[in-house]
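Same order as they appear, the protein sequences are chains A and B. Using my numbering, read the first sequence as starting at 90 and increasing by one per residue. Using my numbering, read the second sequence as starting at 90 and increasing by one per residue.
Keep in mind the hints are simulated off the structure, nothing from the lab.
Chain copies aren't distinguished; within one or between two, either way the pair holds.
Straight-line Cα separation of at most 25 Å, SDA-like style, residue types lysine to any residue; simulated pairs: (1) Lys112 with Gln218; (2) Lys226 with Gly165; (3) Lys226 with Asn140; (4) Lys95 with Gly106; (5) Lys226 with Asn139; (6) Lys201 with Glu128; (7) Lys112 with Glu210; (8) Lys95 with Leu109; (9) Lys258 with Glu186; (10) Lys214 with Thr136; (11) Lys104 with Gln218; (12) Lys226 with Glu141; (13) Lys226 with Ser163; (14) Lys104 with Leu134; (15) Lys112 with Gln222; (16) Lys112 with Val212.
Only a predicted model underlies this, so the values are computations on that prediction, with no experimental measurement involved.
Number of protein chains: 2
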Amino acid sequence: MSESVKNRVMSLLDKAGIVLTEKETSQLEITDLSLGDLEVEGLQLITYINNEDYCAKELILLSNQTCPEHLHPSIGSQPGKKETFRCRFGTVYLYVEGEQTENPVVSPPKGKEDFYTANTEIVLKPGEQYTIQPGVKHWFQAGDNGAIVSEFSTTSRDEFDIFTDPNIKRVEDN
Amino acid sequence: MSESVKNRVMSLLDKAGIVLTEKETSQLEITDLSLGDLEVEGLQLITYINNEDYCAKELILLSNQTCPEHLHPSIGSQPGKKETFRCRFGTVYLYVEGEQTENPVVSPPKGKEDFYTANTEIVLKPGEQYTIQPGVKHWFQAGDNGAIVSEFSTTSRDEFDIFTDPNIKRVEDN
Chain A
90 MSESVKNRVM
100 SLLDKAGIVL
110 TEKETSQLEI
120 TDLSLGDLEV
130 EGLQLITYIN
140 NEDYCAKELI
150 LLSNQTCPEH
160 LHPSIGSQPG
170 KKETFRCRFG
180 TVYLYVEGEQ
190 TENPVVSPPK
200 GKEDFYTANT
210 EIVLKPGEQY
220 TIQPGVKHWF
230 QAGDNGAIVS
240 EFSTTSRDEF
250 DIFTDPNIKR
260 VEDN
Chain B
90 MSESVKNRVM
100 SLLDKAGIVL
110 TEKETSQLEI
120 TDLSLGDLEV
130 EGLQLITYIN
140 NEDYCAKELI
150 LLSNQTCPEH
160 LHPSIGSQPG
170 KKETFRCRFG
180 TVYLYVEGEQ
190 TENPVVSPPK
200 GKEDFYTANT
210 EIVLKPGEQY
220 TIQPGVKHWF
230 QAGDNGAIVS
240 EFSTTSRDEF
250 DIFTDPNIKR
260 VEDN
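The following block holds chain A by itself, in its conformation from the complex (with noise of 0.2 Å):
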C-alpha cells in the first residue's frame, strides 16, 4: 500500500507542478500516526528545510484525508511552534480552536468525534492562507481532490505535538 500512496502523493505534486529532488522524494515521509488507518487519518510531507530559526514544508493529503488534532507547545521558554498554511492545490478544510462554525463542511472521521474538538472553521482554496498561533489546536482535512498545503513556520520540532487522541505516536519508539 505504502508505495502506491507513494505515487498518488507524486501524482498529486504533478498536478501541483511542485518539482522534488530525487534525494527529497526517497525521504518522503508518509505517516499513519500508528492508528493504522493511513487513508482515514495520516499525513504525507516534505521538509524543506528546518533549521534553528524556520521551517518550510509540503504537506500532501490524500482525498478526504484527515490529518488528526494537536497543537504544538512551548519547550522551556520556547514558544510553540507558529506556522502559515498556504494552499497550493485541492481544498483544506482547516478547523481551530475559536467560535463554533454552524455546518461546518466536513465531518471528523466517524467514531473519532471526541479527539476533534477544534471547530472553527476556514475553508482555504489554492493561493489562500492562515497562520495558526502557537498552543492552538488544528486539525484539517482535504476535499475530494487531495489537497496540497506548503508550511511556513518556525521550528519544527514534531516530538513534542501534543495529540488530542491518545492512542497516537507522532515519532515512533523505535
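Put chain B on the given structure of chain A with help from the hints.
Leaving out everything else, chain B in the frame of chain A:
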C-alpha cells in the same frame, strides 16, 4: 511597460502552477531598484507572510534578469536575514561570497562588474535549494526562461539591505 512585465510574471507563475489571490496579484512588487533598467537589473516578488519570526516570498525573475548584489546586515542585536532559496521553475544562477568558481555560467550585467564581487557559483534547478547565511553578499540571475524562487527566511527588513552598487535604492524615499 510595467503592465507588460506583470503579464509576463503572471505567465511564469502560471507555468509553475503557482496560484495567487487577487489581492496578492494586485500587490505584486516590481522593482528596478531605482536603476531604470528593469529587464537587466530588477526583481519581481510576492510576500506571502512576513512576521516577527519568519518570512516566505516568491521571487520571479524575467529571462536573464539579475537581482543585484546585496547583503542582509545585522540590526542591533538581531542577526541579518538568513534565507533559503528553493528553485521552483527555470534555472537560477546564484553567486555568494567565497571561493571563486572558474568559468561561471553567467556574467554580471555589462558595465556593472565593479558592483558584483561574490563569485562562488551555485546553480539551482527546480527542486534544488541553497541557504544563504546572514551577512553574506549574494546576487542571482535567471536563465533564458526566467525563474521562480521560493524564499523561506527569518524576518525580512528589506529597507536595511546593503547593495554593493551605491546607485541602488531598494525602497523609495517617498
